[in-house]
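Peer 1: Chains as they are written, first to last, in this note's numbering: chain D, 1087 to 1439; chain P, 1087 to 1439; chain B, 1087 to 1439; chain A, 1087 to 1439.
Be aware that one or more of the hints could be misleading.
To be verified - Here are the simulated distance ranges between beta carbons:
| no. | chain 1 | residue 1 | chain 2 | residue 2 | range |
| --- | --- | --- | --- | --- | --- |
| 1 | D | M1333 | P | R1174 | 45 to 53 angstroms |
| 2 | B | A1308 | A | R1293 | 32 to 40 angstroms |
| 3 | D | D1205 | P | I1363 | 33 to 41 angstroms |
| 4 | D | E1433 | B | L1192 | 55 to 63 angstroms |
| 5 | A | R1124 | P | E1270 | 20 to 28 angstroms |
| 6 | D | E1148 | A | K1224 | 43 to 51 angstroms |
| 7 | A | E1254 | B | A1308 | 20 to 28 angstroms |
| 8 | D | G1125 | B | L1192 | 34 to 42 angstroms |
| 9 | P | R1162 | D | R1395 | 16 to 24 angstroms |
| 10 | A | E1433 | D | S1352 | 27 to 35 angstroms |
| 11 | A | C1347 | D | S1352 | 45 to 53 angstroms |
| 12 | B | R1219 | P | D1205 | 57 to 65 angstroms |
| 13 | B | D1344 | A | K1169 | 45 to 53 angstroms |
Simulated from the structure, these hints should not be mistaken for laboratory data.
All residues carry an ideal CB built from backbone N, CA and C; glycine is no exception.
Protein chains: 4
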Amino acid sequence: MKEIVRVGIVGGSGYSGGELIRLLLGHPRAELAWITSRGDKRLEQVHRNLLGTNLEFVREEEAGDCDVVFLCMPHRESMTRAKDYLDRGAKVIDVGSDFRLKDPDLFARVYGGPHACWDLVERAPYGATELHRDEIRKADLVANPGCFAYTTILTLAPLVRAGWVELERIVVTGMTGTSGMGAEPKPQSSHSEISNSVTPYNVVDHRHTYEVEQELSGVAGASVRVHFTPVFSPFTRGILATCNGFMTRDVSRAQLVDLYCEFYGSEPFVDVISMPIDPSVSWQYLPYPNVAYLAGSNYVQIGLDVDPRRGRIVAIGALDNLGKGAASSAIQNMNCMLGLPEEMGLEMRGLHP
Amino acid sequence: MKEIVRVGIVGGSGYSGGELIRLLLGHPRAELAWITSRGDKRLEQVHRNLLGTNLEFVREEEAGDCDVVFLCMPHRESMTRAKDYLDRGAKVIDVGSDFRLKDPDLFARVYGGPHACWDLVERAPYGATELHRDEIRKADLVANPGCFAYTTILTLAPLVRAGWVELERIVVTGMTGTSGMGAEPKPQSSHSEISNSVTPYNVVDHRHTYEVEQELSGVAGASVRVHFTPVFSPFTRGILATCNGFMTRDVSRAQLVDLYCEFYGSEPFVDVISMPIDPSVSWQYLPYPNVAYLAGSNYVQIGLDVDPRRGRIVAIGALDNLGKGAASSAIQNMNCMLGLPEEMGLEMRGLHP
Amino acid sequence: MKEIVRVGIVGGSGYSGGELIRLLLGHPRAELAWITSRGDKRLEQVHRNLLGTNLEFVREEEAGDCDVVFLCMPHRESMTRAKDYLDRGAKVIDVGSDFRLKDPDLFARVYGGPHACWDLVERAPYGATELHRDEIRKADLVANPGCFAYTTILTLAPLVRAGWVELERIVVTGMTGTSGMGAEPKPQSSHSEISNSVTPYNVVDHRHTYEVEQELSGVAGASVRVHFTPVFSPFTRGILATCNGFMTRDVSRAQLVDLYCEFYGSEPFVDVISMPIDPSVSWQYLPYPNVAYLAGSNYVQIGLDVDPRRGRIVAIGALDNLGKGAASSAIQNMNCMLGLPEEMGLEMRGLHP
Amino acid sequence: MKEIVRVGIVGGSGYSGGELIRLLLGHPRAELAWITSRGDKRLEQVHRNLLGTNLEFVREEEAGDCDVVFLCMPHRESMTRAKDYLDRGAKVIDVGSDFRLKDPDLFARVYGGPHACWDLVERAPYGATELHRDEIRKADLVANPGCFAYTTILTLAPLVRAGWVELERIVVTGMTGTSGMGAEPKPQSSHSEISNSVTPYNVVDHRHTYEVEQELSGVAGASVRVHFTPVFSPFTRGILATCNGFMTRDVSRAQLVDLYCEFYGSEPFVDVISMPIDPSVSWQYLPYPNVAYLAGSNYVQIGLDVDPRRGRIVAIGALDNLGKGAASSAIQNMNCMLGLPEEMGLEMRGLHP
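From just these sequences and the hints, can you work out the full model?
Peer 2: Here is the structure:
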């Protein structure tokens, strides 16, 4: 492999694209070859955190060859672009949604029509690195997971594989920060409307539900049904998924923690919170995740609890929707595809406070 | 009944006490007789919104007789204070938690020991006005509901009475604003720790769960089990409860809306959001509640949806935890106990934005 | 005067219009005759706090005669509409900016062209009630002040009249909440961009500066120059103006407090914070205003301090930009124009927290 | 110099200490030798962003020798601790305030009593790297600047050196995020009290004012007087200082930009925003800084403007109070003291959004 990997980003004016730029600037082996945008703003105007970098957007027509291409495009747009870059010899990571669902009919129903390059879907592993590492290592095209989906999948995978909960009655409420709505201004994401509020949306049938069901059914070896409600919440970055399952057998919190620690033992970016629940301490110190502490990082935190009285298991996962939920997991997949150490360029911790 | 009702507040330095003062200042028939506080701060220092009112705290020893007393006290403190005020001829509304649970063993387990005045518990109706109006009218002591409990009860009552969901598998995730933690500074509620975050706490066995199960079982005429997770969220006022049930029969969203509209038809403060779901509009305009728009008011909003594909019903309720979840519902109960119009002094709408 | 005053609102879909509706619903003598909007959304969709009121927008063509009309329109639009309503016998309050500046050349320069109805400007008092009460009582057209302008004028009027500071070197930094940008979504006011930030804009020559200079020069009887920087800040409602002047004579904080208390002694909505500065208490209790505690109200709070070492006087004023800075002060002016008690319908205090 | 520098942190449970840990974990030449705390919480409980690092606090008695020590201690505590570490051969950077003021009488007045080790003060350069780089390179003790002070000094240094403003009438309003109050919970920094608010404090005579006057007088070669008001604002990290000066000569914005670019030309972490003011674009793209985009970084952004009509120059500076205002500037000073490239370990950009 080359010493320096030349990287291109298609769609660099959105939030995921911006986060890719920020992270790749600090990646020891990557070099930003070009970043495209269709808009009329300059890069340093759009991403004010990058003032002084002297980076500029180019039009996609001006983009030369490079080793790795990240696609940050709306639904149904990367499905045709991926092929061009693959044909020019690049490895491609689709940060969008076109290559995630592996059932063509389902794809057509969920994303408004049939897929234009179904053969590519079949060769693109679903980019949850923890579940598909071997395939990703060999792939030239990877479908990076949706942010809600990735959170929920990581939070539930050990549990559904163990079969400790009823697989068809998993209830998930997912809180997302406002960056999840994208950089384009919208009425519902204006500060005045959301900063003192919280409100659900797409209450049934959110598109990410299908990714979750696909992947968890694969992990479980049986059909998993997820009952998911997304809630739009007044913070900028992060997803918190509270996942509820009904026990199929008696299980203690300690057993649950062991199950998860074993499942994720060697994973560099998944932290299972194993500290005991101590009712004498302020609950700031309880073993549940906070999204704030993960912002800007590739880390996932999972907290666990059981309600023996009512027969419920609760698993709570958190990550940064633009980090592990988009840009930094895409870089983890890039590292994996290139045979680099997976942690390269991704070890920075989130901020506190 | 007297033209002017003299009102006392025990515990006026907390957030519920402050909201009672603010609302009672605008109540056409109430006069603030006295407000107690044990602290060393003056009222206008503690409640800076009341600057210029010239109100002052007194010690409880200085509090004279009056017609109605609101108790805003920690767990296990109003249980003994209520009797004194009742003996002196006042009607008493306990904004705290001492008179809510109607099973003495459960009370002892949940609140750390046996109750000191169990006979009073038995004569104190649970103050969900919509469910116990007739009893409240005749009562001299009312147990005002907990904020999470009241939200969940109102959001689920029509559904469990109809029996359209499995009663033992109701899953509720409740987001609360930071005022729910009270006025005392705590590590977890400092702005730096929570303003960019969201985090669950008391993940199983939150005390309000027992109120919900008690009341909903009463409404359903059968045992209801609620699987509840509270989530601490970065807004100041409000609770949003997303309530999930598994259908026992096929039901459409329209039928659900009808069920709720009929149940709450004449209620002055419960708004069932009945507008159709129109996927062509921005989801700002979707029929789900936002807590922001209820702050400072006594209104509750309930939104409804169904997932026919997976057999789930979703009911989402929102209110102001210090308003309908504490102070303003206590005033609604006062109005009810005194034979006044229930809306008196409570018709102000929440702010937008 | 009639028992019930019929009120119309032109431009009810914005934030000022919405606040007028909310407040007028609780005004004992006003009745909402009609509310216009050019948009395609229904009133209860736009102002979700008003769900259940069954109010509807009409087109302006459908608006009938009424007693008072509030104009909530963009720059240069109310200048022509006002005349029509005056001709039809209504009293008119312009919540917009067309009738504020009393110098035609200045108006033309600041607002992009000459005024269409200059005779109306001359008969419209500037609606700072505290400064122009007598004129407002007799007027049929009032120019409601700009939000930044009103805050600054009230905060500085006693000081410039007394001549205790250098009149040409007053430096004001004004923080505004995001509702000040209006209801239309814009990149800079999206939650993701502003919720963790603060940023100045229109750093020199903000339009409201000219209103301030006009009014304060009138109060002082000499030319006043204001050096004003607006700062866009991450809260929803409110303006805080920190106003700095260089002393022309030695003055203590106590003298300053006396000056302000005397100036505003009988004003129902201006609270001068007179409590002493006690360095032993937490500064939560210091005598400076917080915008949060004024939201939804018509109150203004002013705090005062002096730096004898460096010769500076600091006056800090706060109000709700949609309340005293727009809708509720417009209602105060309506009360004044109609001979009603000025406090009518406006006595509700802000929320805490 | 050694390949690996062993670093100790005294006072690692506060926010500055936590940020030092986070940054030093990514510094290629530093190794965390020990981190002290007097509290009873474990490191991963206090800094939840560091979960999985397995770092632990030690008592200061257990701290061994090391090459560099950062002191993060309350007022008047590092003045005695510094000597011990210097005697043991370490280089010391005081992130606290004990070595900043160079006038012993002023120190005694501002910090409540005489200094215990005045000889150390005299050999400790004031750690504004841009102003004292040569001294810092040779020092074994550095006094890291206060956060407000550093922002204001960098924002005004070119202007006062040029003498383009009246030196005795500089007016600064500084907005600070809530992390500036420290990690200890306080009434005024609880989310409920501040998240919808903004409020000034220490309105005159804030301690940092004296650092600013000391340093700017040095730069100007004449007495500079700064009239400073700090404003507590509802974001977590960052300081925005709006600095106003009255022109002593006609100057255009372009000249001002040139002045600053020349002054800071080779500085790695100071970005002067030079793009033109284009009134046709949304003001999101105007050349003023936003604190959000600097969080977690060592960068400073400075925006500039002039009001020729009124004779005012405005310079606006922003930085992260825990980054360039504390921890990361301390690391920049460490790099400087050790002869390492100043940028080492500090090149990560802030987040967007």
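Peer 1: Does each hint hold? Answer for all of them.
Peer 2: Hint-by-hint comparison with the structure:
Take D:M1333 and P:R1174: their Cβ atoms lie about 51 angstroms apart, and the range 45 to 53 angstroms holds. Separation of B:A1308 from A:R1293 is about 37 angstroms and conforms to the stated range, judged on CB atoms against 32 to 40 angstroms. At about 37 angstroms, the beta-carbon gap between D:D1205 and P:I1363 stays in the expected band of 33 to 41 angstroms. Between D:E1433 and B:L1192 the beta carbon distance is about 59 angstroms. The supplied range of 55 to 63 angstroms therefore holds.
For A:R1124 paired with P:E1270, a C-beta distance near 23 angstroms keeps the hint of 20 to 28 angstroms intact. The beta-carbon spacing between D:E1148 and A:K1224, approximately 49 angstroms, falls within the hinted interval of 43 to 51 angstroms. In this structure, A:E1254 and B:A1308 meet the distance hint of 20 to 28 angstroms, their C-beta atoms being roughly 23 angstroms apart. At roughly 37 angstroms, the beta-carbon separation of D:G1125 and B:L1192 lies within the given 34 to 42 angstroms, and the hint holds.
About 23 angstroms separates the C-beta atoms of P:R1162 and D:R1395, a value consistent with the hinted range of 16 to 24 angstroms. In this structure the hint that A:E1433 and D:S1352 lie 27 to 35 angstroms apart at CB holds, the actual value being about 30 angstroms. Between A:C1347 and D:S1352, the C-beta spacing of about 50 angstroms keeps the proposed range 45 to 53 angstroms intact. A C-beta distance of roughly 60 angstroms is found between B:R1219 and P:D1205, which places it inside the suggested range of 57 to 65 angstroms.
Taken as a hint, the range 45 to 53 angstroms holds for the pair B:D1344 and A:K1169, whose Cβ atoms sit roughly 51 angstroms apart.
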